[in-house]
Structure formats: C-alpha cells, structure tokens
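Chemist: Just so we're aligned, residue 1 is where the sequence shown starts under full-length UniProt numbering, counting upward by one.
Misleading hints may appear alongside valid ones.
[Stated by the list, open to error] Only pairs whose alpha carbons sit at most 27 angstroms apart, straight line, appear in this in silico DSS-like list of lysine-lysine:
no.: 1; residue 1: K139; residue 2: K187
no.: 2; residue 1: K154; residue 2: K187
no.: 3; residue 1: K68; residue 2: K116
no.: 4; residue 1: K79; residue 2: K68
no.: 5; residue 1: K226; residue 2: K50
no.: 6; residue 1: K293; residue 2: K187
no.: 7; residue 1: K79; residue 2: K50
no.: 8; residue 1: K68; residue 2: K78
no.: 9; residue 1: K154; residue 2: K116
[Unchecked claim] Estimated spans, in silico, between C-beta atoms of each pair:
no.: 10; residue 1: P102; residue 2: E81; range: 35 to 41 angstroms
no.: 11; residue 1: E18; residue 2: K79; range: 23 to 29 angstroms
no.: 12; residue 1: G135; residue 2: N25; range: 30 to 36 angstroms
no.: 13; residue 1: E114; residue 2: E61; range: 26 to 32 angstroms
no.: 14; residue 1: E294; residue 2: E54; range: 38 to 44 angstroms
no.: 15; residue 1: F113; residue 2: V70; range: 23 to 29 angstroms
In short, the hints are calculated from the structure, not lab data.
Ideal Cβ placement from N, Cα and C applies to all residues, glycine included.
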Amino acid sequence: MAIPVIDFSKLNGEERAETLAQIANACEEWGFFQLMNHWIPEELLERVKKVSSEFYKLEREENFRNSKLVNLLDETGKKLENVDWEDAINLLDDNEWPSQTPGFQETMKEYRFELKKLAENVMEVMDENLGLPKGYIKKAFNDGEGENAFFGTKVSHYPPCPHPERVNGLRAHTDAGGVILLFQDDKVGGLQILKDEQWIDVQPLPNTIVINTGDQIEVLSNGRYKSTWHRVLSTNDGNRRSIASFYNPSLKATIAPAPQLVEKTNQEVKQTYPKFVFGDYMSVYVQQKFLPKEPRFQAVKAM
C-alpha cells in the first residue's frame, strides 16, 4: 500500500475531472499525497537540495554531534520518549538567515515564493472539490484585518542515529495548521503515516512535493478531510533531509466548519467542530501536540 502520487499538470488538460477526483480521494481517504509535475522547476529543487545539505554540514552538524541529545542517547540504555532525533531551523522572509552557506538565503527565498503559490493552487483545488467558492480556504486563513495567513518553512535533518530503536526522528503527531508541503529526501526514507491502524512508508520519489492536510482543514471541511498522524523514524544509515512548509491561518483568524458543508453533511445543521480563534488553538496544541487530537478541539476556547 502506497500513498497516492498525482500528476498536477493534468489539471490543465482533458484529464482535469479525473485528476480532481484523485485529489479528492487522496484528501478524504489518506490525508497525504505526492504531487509530480507541480511547476516548480527541477533546477530550483536541485539547488534547494544542495544548499540545504551544505547548510547542515557547515552550520549545524558539529553542534548536533555535541548536543545534549546525542550525549543522552550515549549515556542511557533506555528509549527516549520526549525528544526527537532532529536538527531543525524555521525560516520566514523577515527572519535572521544563516550566513555561512553560499546561496542559502537567495535559494530558499525563491523556493518559498514558488511553494506558496503551489499551496494556494492546492487550496483552490480543495475549494472546488468541497463545493466551496474559489478562494474560500485562503480567505478563511486571513483575519480580515490585514493579518495575512502564516507561511513558514522548517528545514530539518535527521542524522544517522547509533540506536534508532531508542529514539524517534520525529514523534507521531498531526499538524496544527492548514496545508503542509514537504520536499523530502529522495534517497533516505523514514516518513510514515498511520492509515487503518498501520504505519505506511511515504516512499521517497525524486522532486515530488508531499502534501498533507492539517487540523484546520479538518475543521473547515467539517471532518471530510482528516488530518493524518505521521512520524519520522530515525535510521543508522544516511542523513535525511526534510523541508516542510506550512500554510497556516493567521493567529487572529476565526476557524469554523464551512456553512455549506455543515448543511450538506447533517440535516440538523449540527457542527462537528467548534468555532475558535486559531491562536487559541495553537495555545492548546503546543501543550498537546503528541497527544490524541480530538481533545484538542474540545479544549480550545469555543466562540
């Protein structure tokens, strides 16, 4: 069993209806799918691979090797429960950028620009498949007062681990936000999703973008698109590169099931999810990220 791989370019041709149906099925049944032919130039993706790998070697590897995590794994023979075998930094357009890696800032800014456009295209496809007005999800992620949706990128590396059985690369969780776009390593695997109570590998494929839906898409779709549990296994072979970008609501945005979907899914017009401010949800999420997600929806301050 493998997660769906979808040719995004076919949206513009005679196979549009079939491709829309494939994406709808992937969102409803999997919560994860891979996009090929997504219009991001391969030349740019090759540069992203290059600068990301150089960045880790030049600016991160030595610190990771000398970190408390590495020492803790060496000193104890027990499984480490509350840590991840991951080195990560977060990128925003206006943050302080790494300075020692040639071309890193320019390449990653160009990549983020292209990826944000792809995210908005994917959300418009979701609008269409859900029967919502074009731009509905994007508009929902903005608060209407000038605060735009959040778009952040996490550059992660999962170095070779001497005891992969004793620590996860990244513990199982669902993502808090909206649409997540992952450019994963095309050689070193490790990403798994939970489907039908089985952990399934997300197969590495060159220059594809892995899409998954976060908790806020689950709420907006009134549960039609579920956020999916996923994790990263550590490995003793290879240094896994993982670049995840998150198109999330503004912290001030109000999130609730789309009225059209509430009416369609229940004759009594009963919402499955509460209405809340995304910032309030995040306050709950940071405390409960690795715990069951349903209580998070109940714990958030409903409006």
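Chemist: State for each hint whether it applies.
Modeler: Hints and how they fare:
no. : hint                              : in the structure
1   : K139 with K187                    : 37 angstroms, violated
2   : K154 with K187                    : 19 angstroms, holds
3   : K68 with K116                     : 35 angstroms, violated
4   : K79 with K68                      : 15 angstroms, holds
5   : K226 with K50                     : 34 angstroms, violated
6   : K293 with K187                    : 31 angstroms, violated
7   : K79 with K50                      : 33 angstroms, violated
8   : K68 with K78                      : 15 angstroms, holds
9   : K154 with K116                    : 14 angstroms, holds
10  : P102 with E81: 35 to 41 angstroms : 39 angstroms, holds
11  : E18 with K79: 23 to 29 angstroms  : 46 angstroms, violated
12  : G135 with N25: 30 to 36 angstroms : 23 angstroms, violated
13  : E114 with E61: 26 to 32 angstroms : 28 angstroms, holds
14  : E294 with E54: 38 to 44 angstroms : 42 angstroms, holds
15  : F113 with V70: 23 to 29 angstroms : 35 angstroms, violated
Hint compliance for this structure: hints 1, 3, 5, 6, 7, 11, 12, 15 are not met, and every other hint is.
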